[in-house]
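Protein chains in written order, with the numbering used here: chain A, 1 to 231; chain B, 1 to 208.
Hints were generated in silico from the structure; no laboratory data involved. Some hints here could point you the wrong way.
In silico BS3-like cross-links for lysine-lysine, where the CA-CA straight-line distance does not exceed 30 Å [stated by the list, open to error]:
1. A:Lys17 x A:Lys221
2. B:Lys120 x A:Lys135
3. A:Lys46 x A:Lys17
4. B:Lys147 x B:Lys164
5. A:Lys73 x A:Lys46
6. A:Lys2 x A:Lys184
7. B:Lys164 x B:Lys95
8. B:Lys120 x A:Lys46
9. A:Lys170 x B:Lys37
10. A:Lys17 x A:Lys159
11. A:Lys184 x A:Lys46
12. A:Lys221 x A:Lys159
13. B:Lys123 x A:Lys73
14. A:Lys121 x B:Lys95
15. A:Lys72 x B:Lys120
16. A:Lys132 x B:Lys147
17. B:Lys95 x A:Lys69
18. A:Lys72 x B:Lys123
19. A:Lys41 x A:Lys159
20. A:Lys221 x B:Lys123
21. B:Lys123 x A:Lys69
22. A:Lys3 x A:Lys221
23. B:Lys95 x B:Lys120
24. A:Lys159 x A:Lys184
25. B:Lys164 x A:Lys121
26. A:Lys132 x B:Lys185
27. A:Lys17 x B:Lys95
28. A:Lys132 x A:Lys72
29. B:Lys185 x A:Lys121
The structure presented is a predicted model; accordingly, all values stated were derived computationally and were not measured.
Each chain is listed here by its residues.
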Amino acid sequence: MKKIYPTAAAALDGLLKEGMLIAAGGFGLCGIPELLLYAIKEAGTKNLTPASNNAGVDDFGIGILLQSKQVKKMISSYVGENAEFMRQYLSGELELEFNPQGTLAERMRAAGSGIPGFYTKTGVGTVIAEGKEHKDFNGETYILEQGLFADLSIVKAWKADETGNLIFRKTARNFNPPAAMCGKICVAEVEEIVPTGSLDPDHVHLAGIYVHRIVQGQHEKRIEQRTVREA
Amino acid sequence: MWDRNQMAARAALELQDGWYVNLGIGIPTLVSNYIPKGIEVTLQSENGMLGMGPFPISGQEDPDLINAGKQTITELPQTAYFDSAQSFGMIRGGKIAMAILGAMEVSQEGDLANWMIPGKLVKGMGGAMDLVAGVGRVVVVMDHTSKHGESKLLTACTLPLTGKAVVDRIITNLGVLDVVEGGLKLLELADGVTEAELRAATQAHIVN
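Sequences and hints are given; from them, build the entire structure.
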């Protein structure tokens with residue numbers, strides 16, 4: 001079992017296919033698989049459908065795949081920070097499927113857990129509920145949402161051991177565990193790979209069973225809204 | 001009339017000791033500056049954190065530590081982190097006692113619209129639909145009227161909904177109203193505002 005690859009491009013070798021659905025971790029620019037996104041841009045794979053909470057900014061995150069016109073459709077909860085996204089969407093070049101944030105996370109978690117559908121209160125009485133099965137439980141109405149089964153998962157973690165056990169850092173965990181779970185194959189980029197046995201098993205956030213390939217690299221970790229208070 | 005900070009201070013009076021609370025972006029974020037003495041609340045940030053601390057001092061920003069508005073923040077001794085699926089699990093699961101949110105429109109039946117203006121604004125709902133569907137109590141803080149002077153408290157929302165019959169209380173620059181059977185009930189007037197002024201600025205039905 002060898003999961004460690006020398007570069008992001010090597011870690012994606014043989015995995016990228018035109019038209020594929022890629023689940024990506026990250027919230028805003030926090031905890032995004034920035035190295036793997038660059039490698040996908042370099043590979044030039046077209047007609048992709050990224051499922052990701054956000055769409056990055058114009059020149060970072062998923063935004064770089066929008067710039068190079070590699071995205072056919074986005075599945076997201078919030079895309080407000082990306083002008084190029086807005087331009088492509090309003091001109092009809094780009095399809096968009098909005099999912100409420102919790103529904104998107106649960107669709108990923110459910111798919112990774114072998115659950116093809118679940119009922120939720122979120123979105124009842126809104127456009128999100130249109131065309132979906134409604135069902136009452138204990139006097140309350142819920143809608144049926146479907147698991148989001150991805151062809152490929154790309155995630156970012158803080159540390160991995162050589163078997164792919166992952167530890168995330170602070171709020172950079174966000175969508176990474178559910179995104180990692182829902183793909184047929186998952187590639188994780190990390191800041192550090194430590195020898196197997198050096199992570200406390202009680203402190204592993206995501207077990208290596210979900211992680212098939214690992215690459216270590218230098219991360220820019222851009223801050224979207226630098227906000228400070230007076231000392 | 002109340003300004004943004006006075007509205008936030010009034011909203012802070014809604015907090016109860018021991019509550020876990022989610023604050024939305026804008027005026028709701030200011031509520032954390034006015035938490036009454038003796039009241040301990042834990043702020044949730046839906047990107048995966050309980051126990052949200054203040055903004056960092058310059059030089060201590062951490063790109064791995066942001067709030068749901070993508071702003072840099074800090075942690076507290078009681079802070080816990082978790083992934084987005086668990087974060088919204090606790091929201092839908094009713095563990096969060098209250099959300100304080102901004103709005104574009106609220107109807108007299110408690111319908112909330114705060115995520116989309118067709119043809120103009122295509123940003124997305126983020127976590128707002130999950131929050132209003134899941135938390136124990138929804139308090140809206142917003143200006144009573146639009147920039148053009150039109151009431152944002154309506155008989156029925158004109159914009160796409162975030163949630164249907166989800167709002168419990170509305171705090172505006174003119175006063176405080178509850179959503180009750182048959183319409184809105186006036187609870188308080190802001191400083192210097194008369195009931196006639198508030199009624200004149202309100203399109204929704206106010207019950208007596």
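Ascending list of hint numbers which this structure does not respect: 2, 16, 17, 23, 26 and 27
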